[in-house]
Amino acid sequence: MSAVLPAPAQSRLLLSGNDAVARAVWESGVKVAAAYPGTPATEMLEAISSYPDVYAEWSVNEKVSLEVAVGAAYSGSRAFCSMKHVGMNVASDALMTLTLTGVIGGLVIAIADDVGLSSSQNEQDSRYWGRFGHLPIFEPADSQEAYAMTKAAYEISERFQVPVILRLTTRICHVKAMVTVGERVPHAASGFKKDPARWVMTPAGAGKRIPLMFERDAALKAESEASAWNVTEAGSDRRVGFVTSGPAWMHVRESFPNAPVLKLGFSCPVPVEKIRAFAATVDKLVVVEETEPLVETELKAAGVACLGKEILPRQGELAPAVIKPAIAKLLGEPVPAGVIPILPAAQVFPRPPTMCVACPHLGVYYTLSQIKNTFIAGDIGCYTLGAGHPWNALDTTISMGASMGIALGLDKGRAEADKDKRILAVIGDSTFMHMGMQGLLDMVYNGGNVTVMLLDNRAVGMTGGQNNPGNGRDIHGAPAPRIDFAKLVEGLGVKKERIHVVNPYVLPTLFKTIREEIKIPEVSVIITDQPCVLVQDYVKQQPVEVIDDKCTGCGNCVGVGCPAIHVMRREKAIKPSGKEVELQFVQIETAACTGCNLCVQPCAPGAIVPADTTKPLRLIKH
Amino acid sequence: MDNQVTNILVVGIGGQGVMTATEILAEAAIALGQDVKKTEVAGMAQRGGVVSSHLRFGAKVLSPQITPGTADLLLAFESAEALRWCHMLKPGALVLMNTAKLVPPVVNIGLYDYPADPVAEIRKRGFEVRAFDAMDIAMNLGEIKLGNTVMLGAVGDHLPFPAEALLDAIVKRFSARKPALVELNRKAFAAGRAAAASTQAQKEAA
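Here the protein sequences come in this chain order: A and B.
For what it's worth, our numbering labels the leading residue of the first sequence as 46, then goes sequentially.
For what it's worth, our numbering labels the leading residue of the second sequence as 2, then goes sequentially.
All the given hints hold, so there is nothing to weed out.
Partial list, computed: chain B residues near chain A (C-beta under 8 Å):
id : residue
1  : I14
2  : G15
3  : D36
4  : V37
5  : K38
6  : T40
7  : Q66
8  : L84
9  : H88
10 : L103
11 : P106
12 : N109
13 : M136
Don't read these hints as lab results, they were simulated from the structure.
Please read all numbers here as calculations on a predicted model, not as lab measurements.
No residue lacks a Cβ here, since even glycine has one placed at the ideal position from N, Cα and C.
In isolation and in its complexed conformation, chain B is listed as follows:
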């Protein structure tokens, strides 16, 4: 019944590049001949709000929206957003998340608390979590904007197609728009891939 459609949910906050990352994932799936639908709830066209982007691909996709409880994978660009959206996942599914906590003004001015340990809370709900600091990785490569490609690298080994297909989509996009950045993005992709793998190794060792 649940056919061969893959449901990936990408979440974060406005201005982080969530929609672009989802678009690149979509381009990779299209290049492999899949039918694709991608939809966002981005709220008002302003920065700093919640962004959740739904990507569905398979032989034939009807509804563009992922039904709660059916997402195969959650790619979260921000910690509290990972917690906010993890109920969309299938039981026991994988969360790939940035550990950075981006605190909004409503928390800064003291109206709300930021969750103390989002990773622990998500694990408590029975999901597998691989968490890493994508912003640090990006900054170490010299450019915060690479965080987007780091996140894509992290998801590379958890797709129903090879990570190289996703890397190809990134390279294609940057070759067309900013060829000077192709190599840096390859590095960011590899770093993200390694980060997601090493958190797995840590978990197995533990």
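Pulled out of the complex, with its shape left as it was, chain A reads as follows:
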């Protein structure tokens, strides 16, 4: 739908790593590309969907996306699948047997590690999958390499009939750099050939494929040892030689322009003999890898003396500010000037991401914050922010869909002291379809006492409002079948009278519904049905404003947590009971307000009214 004419070959473009991969996928003649959104990987599929000639889909989760890509590769088509690091945990069930069947058409799986935790619940190192799954890994260091290695990965994938992992990090995906692009070469599918011994992995069949996997390991090892992607860069200062990969290579080059470097582009299997020969040319060998000591451990096991995590951190990015002091210390030198910040950073309040002005989740969290004696299992999405201020209304988050099982476990495992606690689970529409449905089924089947809040905002909100089966639009925005959540949960066994669809902007109804359902000792599902304010379905209303002399400073509206509400003045006051309270006199930024009316409802003195439309919109900048 949104396809534009791709830039001509030889164009030099400023592309993010994600955009560069997308261009290479298109040039490689890929027929099928599938993914579930996840930062920092999301833009790969978004960009691919803008190219002609490629079938692109948002899948409901990473496992399904990988399986779609595998089916296409079995048919002899080239296929692509991308995900964030934790997505591969979900997809790994398919991956670990896929490595036995291998593929016919080239299959590249791009996994984006969030080194530095900009937007993730952990920092796992996806290079482990190469070891665990006996799969080759490419590690680009910038956008140009992300482009070139994606193309090279298709060649390797088809030559060895093996899926290839393209390991990216946030500092590849979201860095924009210059890329010279090339021509698209169409790829013709050879067609699916029935071959049960290869494609039907029974124990007997799989047992025969395992030795073939080991043979492939040996062939890939030889390929890696000879690969031009693993290149030695000469240097005059031989006191320290570096083995490095990915963005860490850039940082090493920047920090030590005269040092010998062995850059690993085809980094798994590790070219141990090439590194052994390199090690013989330098005084000390240092492995600079993000994040776990994988290459280092394999080198040490092979008897190649090296240093790594003894002197470098196992967490976060290995930027020049980290590696320069570590190497200076190793060499017994003073830390070079300009490396340590000249000044310590100023102490400034934290500014975490917030829920948007008028977000429908505000009503839910305001209400949950008013209900005491609860345990609330949360999930992955914008609504994870409900754990923060001012709501403090979310008690757990670990993985996609986990709110369901954790809530059931909190119920079944409750201590005597917690016997009167009400257990709730909060999950978004997309996360529910990703991995929550099974948990709800389990909860129903096993007689849980949990109230589920299913926050349907008709988008994958946190990653930028991508479409999903809940909003009736496909990846291109074209009409697609739309799931009915009330029917879906009824189909999973929730009693019809325990299912409520409520408008999260109508606080009395929402409050009453939650209060009633948490008292009933069975599974209830309360579905909220208003769209994310960042997607096209959202309709702005007339802003509201505060009548100054009516505001009593009660602060009730501040508890909603809307960023358009500003406290302009604070005063101490003594209540009739003798208790000292802080009054908060507020104003509303009418330039930001979209009139959701959430703050109007708890306002005790009725001081919040529709804004005077004859006045200019107000911007509050203190």
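Model the placement of chain B on the given structure of chain A, informed by the hints.
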């Protein structure tokens, strides 16, 4: 050693257009034949969080990240963010900043204080500051979204290339996407440029 790479740090909060502004700066440098790398730490893909965007350009750029203490220039779309990031600058370097204070919910609900005078605190650290109200300038031109171009105008005279090259990049971008807004953006650029120059004049007069 520190070769000819220029390091510009652009900071603000999510939704202000920091990344777009940096991209336009990058486009100007590319048009002049420079190698360019641009990287962000934008946190979760949500509004209202801290955004810092690193732009490096020169004959050849390796690491996309600016090492603390080596930035040549800080362009700050928000006052407290200017203070938060000024340690990234070289000693005595220039801070071009919007004086607007955008207060987050954690300050509104009373958990933290907003710094009383970010400009003074930055100056105390030895940096040169040119501060102006980019939001007011934009509103006076009739559109708050012009704040982005006002900020770019302010940086125009402090780059290793002529301000006109940056203006060309802005005009090119709007000509392709929103041609009706080209003239307004020219005005916003000029206003930003004048604001940064007049704060200099004030300082010299003082």
